[in-house]
Amino acid sequence: MDTILKSFLDKIESKVSTLFQKDFLLTWEKSYEDLEIILTVAETLKYLRDKNISTRCFDSGLAISQFRDNSTRTRFSFASASNLLGLAVQDLDEGKSQIAHGETVRETSTMISFLSDIIGIRDDMFLGAGNAYMREVGAALDEAYAEGVLPQRPGIINLQCDIDHPTQSMADLLHLKTVFGSLENLRGKKIAMTWAYSPSYGKPLSVPQGIIGLMTRFGMQVDLAYPEGYDLIPEVDDLAGKQAQESNGSFRTVNAMQEAFKDADIVYPKSWAPYQVMQRRTKLLRNNDHNGLKELEKECLSNNARFKEWECTEKMMELTSNGKALYLHCLPADISNVSCKEGEVAATVFERYRVPLYKQAGFKPYIIAAMMLTNRFENPAGVLRNIEHRGRNRVL
Amino acid sequence: MDTILKSFLDKIESKVSTLFQKDFLLTWEKSYEDLEIILTVAETLKYLRDKNISTRCFDSGLAISQFRDNSTRTRFSFASASNLLGLAVQDLDEGKSQIAHGETVRETSTMISFLSDIIGIRDDMFLGAGNAYMREVGAALDEAYAEGVLPQRPGIINLQCDIDHPTQSMADLLHLKTVFGSLENLRGKKIAMTWAYSPSYGKPLSVPQGIIGLMTRFGMQVDLAYPEGYDLIPEVDDLAGKQAQESNGSFRTVNAMQEAFKDADIVYPKSWAPYQVMQRRTKLLRNNDHNGLKELEKECLSNNARFKEWECTEKMMELTSNGKALYLHCLPADISNVSCKEGEVAATVFERYRVPLYKQAGFKPYIIAAMMLTNRFENPAGVLRNIEHRGRNRVL
Amino acid sequence: MDTILKSFLDKIESKVSTLFQKDFLLTWEKSYEDLEIILTVAETLKYLRDKNISTRCFDSGLAISQFRDNSTRTRFSFASASNLLGLAVQDLDEGKSQIAHGETVRETSTMISFLSDIIGIRDDMFLGAGNAYMREVGAALDEAYAEGVLPQRPGIINLQCDIDHPTQSMADLLHLKTVFGSLENLRGKKIAMTWAYSPSYGKPLSVPQGIIGLMTRFGMQVDLAYPEGYDLIPEVDDLAGKQAQESNGSFRTVNAMQEAFKDADIVYPKSWAPYQVMQRRTKLLRNNDHNGLKELEKECLSNNARFKEWECTEKMMELTSNGKALYLHCLPADISNVSCKEGEVAATVFERYRVPLYKQAGFKPYIIAAMMLTNRFENPAGVLRNIEHRGRNRVL
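Chains as they are written, first to last, in this note's numbering: chain A, 1 to 396; chain B, 1001 to 1396; chain C, 2001 to 2396.
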């Protein structure tokens, strides 16, 4: 075995994992060592694939996807991850089935799971409902497994909910680890998670929440910046503060993009809708109140328009550490004069960071595959060792 | 080889199969031994998977699904079965293709079949059309194979039509075999297939017809109960009577739920639309007569409402053998005060039988896989022996 | 190794391929030897599958399909080809994602490609846009691969564009090679690519253009026939003339079906919309001008109706060589008195050639698989040799 691979496996084996058979719903429910294991398993899978070693560990099996909102990146990442491990994707398309609410979440969850290994869910439209839905599915699966109805308890992976977007934030973290060399090197680094202007409204809170909920665990100086009124779910705010303290980092909220950008090593400017708006929107969506939704959109867009100067311009970038902070985005970004007239980021800034941004996105399939693998296998290093030993080529 | 597996394989080998390369369209077209083989192959596949033995017998190959009506359970069962044997599912979505009627059923059937091993079809909306469509597809495939156009003749599996729902009734039968210990133990048992009230209309006849068309073959006392006017296709009625006589069981139709439930060992209360209504509905659907359909629905719902006492209540259950008949349903059920105000079954009854019901549903993927395997392999026991001998793990 | 297989592999090895890692967008961009290699690889894959040898050369991997227009035949052919080589299909459904124009073609192309080996695209609605779109995707992939964003550069296969339909024309060519015995035997044969009447309008130009763009390379006498005004893209016309000269064949355009059919060995009567109409239609589609589109359709249908005698009747067939020209069509055809009142071909003619037509269509999955294999493997004969040596059964 080559030394790089050996160092990966040694690292995984040196950590205590609590990932086995536990759903991945929120990063802050996972231990620090769990997160390290996910990252290293992802790196190992990428390393093996790049060397044309097949990482199939399922000869057959299903990975169910349920997208309650549009998706390109995550859909393809999930499909890629499933395929990488040997699982076939079966999409639960609610339009082609007859899925009601309440009681039947339990039933549907069970009915799709008889021969399933993984269920990936995106449910980010309704505040207070997305993550709750995943837990409802999880409880149904627990019950069905305990009752002997299911031969296995499929693992659930959160593909974005109202609270967190763990496959995104973990891919972001792997990107940071790669760029800065190690998780240790992130200690003391300043990251600016800031709101940015966009000509659309209603973007989920899960990305900024996911970032402050994850990055505060690595001793970083996390600045959250947004115009007054654009706050996140208070509980996540509180959690970020507590975590920052525990990791000897810092967490604060400021109301100027400039303040967050100042001396930042990493910037993440991204639009979102205020918590209060999302609450109102959730109510209107539930009532199918189309007029109400239109009015809310109008009101919010006009409010957004007051903050057009929240744009990641070249001038803004000059404020950062040596003017060279790493620019992050979950994509697609609203690029000024490219995808819209005025947006989150200036075209020249985006273009300069386009290659690293795309690399950032490229980690997601491996992060999801690592979440799958650690959910299904108690001893991930052992499985990877077997895979390497087997030495089967991915491409003949 | 362990003794359980050996007993399965011995059982399969002791029977004469006529399943090879024959479509599975109606259970009553299959011999008693054929049905026994399907059940035992399904049990074997489940046994092997539970022991983490991969049952892939296709290194590549396609299973085509065509759902002309919504489906969750059967769609996932079909996908699971395909995957279990190593086939990839390709859905024929008529919305994304341009499939006309008449001549082109022959053409389309051929065009999707060049490299296909199995075609699963759901077509239950039009009385007199669903099963006929499957046979039209089958005839096209026969012809194309005979003409040397197709390198193989894909097998067709009926995933529900206007007449029968064989993957459902066979899963139900495997459930009964498991609960009662053997097919022999079903002899003399009383099963009540009864209509039940539902606040919706137009439910297919295929489940009650499938049940009386299958259960009358095992020496059971089959009671079919429905309010006057809610009859099934007459031919299936006649067939059930004839089969009951041949198997030394009984078959009768009664017009009171109570009478059917009395001393029953198994009850299957389930709503359906009367045969005559389905005939009218078929005509209206063909003519795209939306107003006519609305009127028919109104008329039928008001007629249904006269029979709200046709509910599987606790009191009704008390009439059954020791008050403990096994409750069956194809799911989803209309549960009173849960999924609707007044429905087919009381919540307490449903909840008490929920676990066995879910187990019943869990047999469907294996039944479908067994139908696939016996269609493609002349010697199913031999294939299963090879699979066991190969000893490849499903999960590494 | 048997002698047939050996002769296939020897043939492939005797040619110089430039197919490796090059997109397949237009047949006339490929060398004569490249086309010969595609045909022989397709024949080899078919030969191996018919002998139940698994031709999987990917243990895992994704084939992305993007259909910007409806498709049955090509969709199933692409799925079959992918599966035959071991790739899982992931469909890029633009309705379920949020794909904008301009800048983001680059981004989307990259985002779906991290773990993808092949991308198949159908984009035939907009004149001047379909093939250009494929090249835009290709350029994005080149860039992303060069920048280290992608670990591999997925190959693109044109599944029909505004200019060419190479998977169709190559399947047609393999059919001709099979019927006439060799490519050499096509030399001097007369093929009539002619317009035919259809009661619909707006059919793409890609099939007639693909045929004249391919068949003029084999020393054939290619007659293109259409009513005045129904011309193709001028550049393809020019190209066909030049190629015919180089291959010592001929190419001419005539304005009577009879003239083209006279002494023809092969006839390909098929409706299309005039180039000028497609240009106007493209403009109207881009402007979402529904009224304009309706008017254009009306105008065109009435113009079409002036040429109802452009039908492949028995009488027309009598003009061909010994009255026995081989009839070709890409399917589905507009068959008079079957799929429409008056159409492209008489029912008796179609029926007489139905079996060869279906065989023609049956080559498409293998042509696509050959395009995939030669794109991914520098030494296709070596891969096929390995596959034969491995001797793994497709069906256990």
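Because the hints were derived from the structure by calculation, they are not lab data. Accuracy of the hints is not assured; some may be wrong.
[As the list claims (entries may be wrong)] Among chain C residues calculated to face chain A with C-beta under 7 Å, some are:
#: 1; residue: Cys2057
#: 2; residue: Leu2115
#: 3; residue: Val2149
[As the list claims (entries may be wrong)] DSBU-like mimics (lysine-lysine), calculated; alpha carbons at most 35 Å apart, straight line:
#: 4; chain 1: B; residue 1: Lys1022; chain 2: C; residue 2: Lys2051
#: 5; chain 1: C; residue 1: Lys2015; chain 2: A; residue 2: Lys51
#: 6; chain 1: B; residue 1: Lys1051; chain 2: C; residue 2: Lys2051
#: 7; chain 1: A; residue 1: Lys11; chain 2: B; residue 2: Lys1051
#: 8; chain 1: C; residue 1: Lys2359; chain 2: C; residue 2: Lys2015
#: 9; chain 1: A; residue 1: Lys242; chain 2: A; residue 2: Lys315
#: 10; chain 1: C; residue 1: Lys2341; chain 2: B; residue 2: Lys1294
#: 11; chain 1: B; residue 1: Lys1022; chain 2: A; residue 2: Lys51
#: 12; chain 1: A; residue 1: Lys298; chain 2: C; residue 2: Lys2051
[Said to hold, decoys possible] The following residues of chain A were derived to be distant from chain C, with all beta-carbon distances above 12 Å:
#: 13; residue: Ala81
#: 14; residue: Asp289
#: 15; residue: Ala333
C-beta: ideal position from N, C-alpha, C; glycine also.
Tell me, in ascending order, the numbers of any earlier hints that this structure violates.
11, 12, 13, 15
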